[in-house]
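Based on the provided sequences and hints, a complete structural model is requested.
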Amino acid sequence: MIARRGVPLPALLALPLLPGCTGMQSSLDVGGPAAGELRLLIVSFTVICGIVWLLVVATLGWALLRRRPAGTGARTQRQLTWAVSLSVAATAIIVAGLTTLSFLATRSLGGGDGEIEVVAVGQQWWWQFLYPREGFQTANELHIPVGRTVRIRLESADVIHSFWVPSLSGKMDMIPGRTTALTLKAERPGVYRGQCAEFCGLQHSHMGFTVIAEDDVSYRKWLTGQAQPARPAATEEIRAGQAVFLAKPCAACHTIRGTTAVGTAGPDLTHIGSRRSIAAGLLETTRGTLAAWTADPQTLKPGTTMPLVPLTSIELRQVAVYLESLK
Amino acid sequence: MGSSGGRRRSGWSVASGTLSLCGVTLCCLACATALGWMRAPRQFRTDPPLQADLGNLRLLPNRIGGTPPESYFALGKPYEKVAYDLSQGKRLYTWFGCATCHGDGRGNIGPSFLDGWWLYGPEMISVAASIRDGRPHGMPAYRDRMTNDQIWQLAGYVRTIGAYGPSVSATARNDDPQTRPAENRGPASILFEQGPAGMKPEQGPSP
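Those protein sequence lines, which keep their order, are chains A and B. For the first sequence, the working numbering gives the first residue as 1, with consecutive numbering after it. For the second sequence, the working numbering gives the first residue as 328, with consecutive numbering after it.
These are calculated hints, taken from the structure and not from any lab test. A couple of the hints might just be wrong.
As the list claims (entries may be wrong) - Derived SDA-like pairs (lysine to any residue); straight-line CA-CA distance at most 25 Å:
(1) A:K171 / A:V191
(2) A:K248 / B:F423
(3) B:K408 / A:T299
(4) B:K408 / A:Q203
(5) A:K248 / B:P375
(6) A:K248 / B:C428
(7) A:K248 / B:P396
(8) B:K408 / A:L202
(9) A:K248 / B:G465
(10) A:K248 / B:V341
(11) A:K171 / A:L202
(12) B:K408 / A:V159
(13) A:K327 / A:A243
(14) B:K404 / A:V159
(15) B:K404 / A:P310
(16) A:K248 / B:Q370
(17) B:K404 / A:T299
(18) B:K404 / A:M306
(19) A:K248 / B:K408
What follows is the structure, given as structure tokens:
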């Protein structure tokens, strides 16, 4: 039994919250230097403010319990004058000191140039990632090599979004018509989750992405794979799925490199089968979820810009098989 | 004594007058807020049967004019007046590359939407039929590239570009500087008093 005598109830109630401190998306589960600085800030703020709060509450309690002295003479008056002047002076010194310090300190979290540049474009409600040097684009999944600084150029196609990978860095807004930048550096390999941090419309909460930090060899391998056009259809069913995809409105919004599908309104699907999630972190990529999403996106993610394209059940199965095959 | 009581009474009436004025103002504000809070219902998901029926354009044999399907009227003609649908139409205008031929609405190699001259008439059905089936002299058919509700959304938007009558709903303005009168301006008839530019044989066949 955990609930023994002596364990305070609030501590027990707070226990279920503890898993929130670790995991794919947590500012406290640090994966890079910028997030480390932020965690230091969070921890020191919490500790210092907690101590100050305890002191204030203790003083308040003491003042409430203390009996008022018999007379308020000139001595009390003098003490009061001293106390007030001291607190005013202390406030002035602290504010002036912190202001001076702020000019000396670095103001940006992990600013500067990166060894690799990636362009991230916020869209309602998904993320477009472009690797300009390799000349390909992908969606909702960012791969970075461990131990190297990656400069992310942030843009937006419609409204203000905010790029936030809590385990790697702070937030940075993506503003239409303007370019902002953020550098990411992962110190250990892993999968980190990112999320839009600026309310951007109906599906703001379903606008997530994955950052995969991997060693140089697998990163290079991934780059080479992604730069390739889509693999040719291997089986009859895949070929049929491709034919449906190209004949239906799908191809008007999506690009699959190596085919005649060159739409630019939706995510590039050239290697959708290799991505971990579809619909910006909504569902894991499987044949079933691909079929479910294609069949009825407006029920899974109401308001998304992907329309409900009527397909027969056979066409739907063929398209799902085709999309899953695009590794 | 009497005069002081009267002063007090007049003070009271001023106070109650002010209070009731404040009350009325607050009520008006609350009503205005409630009205502003209400928004046109927007439909994100078009049921497949409805989607199919929205494609049943009842066109005349010349394929130019006709009547929209029954479901279009049953829905309450949302594509002409719901701001959400008009805004989606505006996005589709960009995504589907309409600007390649029609420019920002002033026309380029395709006809203008702003000169008040509609080659196939200004009705929703004619615009929707032009988008869906294409027209001679270069207008491609979008039948296989867009869903039926998207075609209606785009048609509704195209009509607002050169609207001649006032409307209570419109799309949002662009973030970029406007290169032509915005969709949410006053009706175009005020802006273009010279009227239709006349027949333009180079832009297509005579209606």
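Hints, one by one, checked against the model:
no., hint, result
1, A:K171 / A:V191, "holds, 18 Å"
2, A:K248 / B:F423, "holds, 15 Å"
3, B:K408 / A:T299, "holds, 24 Å"
4, B:K408 / A:Q203, "holds, 24 Å"
5, A:K248 / B:P375, "holds, 15 Å"
6, A:K248 / B:C428, "holds, 23 Å"
7, A:K248 / B:P396, "holds, 22 Å"
8, B:K408 / A:L202, "holds, 21 Å"
9, A:K248 / B:G465, "holds, 21 Å"
10, A:K248 / B:V341, "violated, 72 Å"
11, A:K171 / A:L202, "holds, 20 Å"
12, B:K408 / A:V159, "holds, 23 Å"
13, A:K327 / A:A243, "holds, 18 Å"
14, B:K404 / A:V159, "violated, 28 Å"
15, B:K404 / A:P310, "holds, 22 Å"
16, A:K248 / B:Q370, "holds, 22 Å"
17, B:K404 / A:T299, "holds, 23 Å"
18, B:K404 / A:M306, "holds, 22 Å"
19, A:K248 / B:K408, "violated, 28 Å"
Violation of the numbered hints given earlier is confined to hints 10, 14, 19; the remaining hints are satisfied by the structure.
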